[in-house]
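S.K.: So you can see what is in the structure, the chains are spelled out below.
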Amino acid sequence: DTAVSQTPKYLVTQMGNDKSIKCEQNLGHDTMYWYKQDSKKFLKIMFSYNNKELIINETVPNRFSPKSPDKAHLNLHINSLELGDSAVYFCASSPGGGGEQYFGPGTRLTVT
Amino acid sequence: DAKTTQPPSMDCAEGRAANLPCNHSTISGNEYVYWYRQIHSQGPQYIIHGLKNNETNEMASLIITEDRKSSTLILPHATLRDTAVYYCIVRVALNRDDKIIFGKGTRLHILP
Chain R
1359 DTAVSQTPKY
1369 LVTQMGNDKS
1379 IKCEQNLGHD
1389 TMYWYKQDSK
1399 KFLKIMFSYN
1409 NKELIINETV
1419 PNRFSPKSPD
1429 KAHLNLHINS
1439 LELGDSAVYF
1449 CASSPGGGGE
1459 QYFGPGTRLT
1469 VT
Chain C
9 DAKTTQPPSM
19 DCAEGRAANL
29 PCNHSTISGN
39 EYVYWYRQIH
49 SQGPQYIIHG
59 LKNNETNEMA
69 SLIITEDRKS
79 STLILPHATL
89 RDTAVYYCIV
99 RVALNRDDKI
109 IFGKGTRLHI
119 LP
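Which chain is which? The protein sequence lines are R and C, in order.
In terms of the working numbering, the numbers along the first sequence are unbroken and rise by one, the last being 1470.
In terms of the working numbering, the numbers along the second sequence are unbroken and rise by one, the last being 120.
Honestly, the hints are just simulated from the structure, not real lab data.
Computed from a predicted structure; not experimentally measured.
Certain hints may be false.
DSS-like cross-link-like pairs, simulated, lysine-lysine; straight-line CA separation at most 30 Å [what the hints assert, rightly or not]:
| no. | chain 1 | residue 1 | chain 2 | residue 2 |
| --- | --- | --- | --- | --- |
| 1 | R | K1377 | C | K60 |
| 2 | R | K1367 | C | K77 |
| 3 | C | K77 | R | K1410 |
| 4 | R | K1380 | C | K107 |
| 5 | C | K77 | C | K112 |
| 6 | R | K1402 | C | K112 |
| 7 | R | K1398 | C | K11 |
Selected chain C positions facing chain R (Cβ under 8 Å, derived; list incomplete) [said to hold, decoys possible]:
| no. | residue |
| --- | --- |
| 8 | H48 |
| 9 | Q50 |
| 10 | I71 |
| 11 | A101 |
| 12 | N103 |
In this text, a Cβ means the ideal position worked out from N, Cα and C, and glycines have one as well.
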């Protein structure tokens, strides 16, 4: 069974569209994260949620809105997509907000 | 900014031990050393972490100097599948407000 799963794996869309990426973890962890890895391969945290509560909110455009319906799911909705949003987005989870985090396989978003 | 310094790349012969160094001279007393790796096109993978004692698990060993200003990740018998970017990170272990800050890491090439 996949511990942290993301859908879709690939997402190609046009500028101005709205899209969502879904993440689910079956590890029983209470903290989930979204990271962005750009074309230069830098991996940066965007958000973290602990038991459905927003904990970390980095300097991310408000076009990005995370939603956590329960502690096993953390979805990322992106409005008015821009070319610069093209990247690989990784979801992760950890117990107790710790440094031992488990990452999903990533969603490669391409905005044309 | 990352609190660690790593060489940008290293080579290791298959079957030999790979020793990856990391400097973290400004580490605080309550910060742990974490190691992750990212194999091409996959999500980052947690490897090991430690505070001050040496640690070993099924994947690797972590050697932390007595002054905690540097550490070495050891892959005892490197295989081609160990080719990846390895990240050394320092952070407080169980602090949900603390972030994992990924630097540039070390690109490890395992040579056949």
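S.K.: So, for every hint listed, does it hold in this structure?
M.R.: Hints, verified against the model:
1. Using a Cα cut-off of 30 Å, the hinted pair K1377(R) and K60(C) is violated, with the two alpha carbons roughly 44 Å apart.
2. Our distance criterion of 30 Å between C-alpha atoms is broken by K1367(R) and K77(C), whose separation comes to about 39 Å.
3. Restraint check for K77(C) and K1410(R): the C-alpha separation of about 36 Å exceeds 30 Å, so the hint is violated.
4. At most 30 Å may separate the alpha-carbon atoms for a hinted pair to count; K1380(R) and K107(C) meet this at roughly 22 Å.
5. Note on K77(C) and K112(C): the hinted pairing holds, with a Cα-Cα distance of about 19 Å set against a maximum of 30 Å.
6. Proposed proximity of K1402(R) and K112(C) is supported: the alpha carbons are some 11 Å apart, at most 30 Å.
7. For the proposed pair K1398(R) and K11(C), the alpha carbon gap of about 19 Å is at most 30 Å, so the pair holds.
8. Of the supplied interface hints, the one on H48(C) is violated, with its beta-carbon coming no nearer than about 10 Å to a beta-carbon of chain R, more than 8 Å.
9. Evaluation of the Q50(C) hint against chain R yields a held restraint, the C-beta minimum of about 7 Å falling below 8 Å.
10. Violation of the interface hint for I71(C) is found here, the shortest Cβ-Cβ separation to chain R being roughly 18 Å, above the 8 Å cut-off.
11. For A101(C), the interface hint holds, the least distance from its beta-carbon to any beta-carbon of chain R being 6 Å, beneath 8 Å.
12. Because the beta carbon of N103(C) sits about 6 Å from the nearest beta carbon in chain R, less than 8 Å, this interface hint is met.
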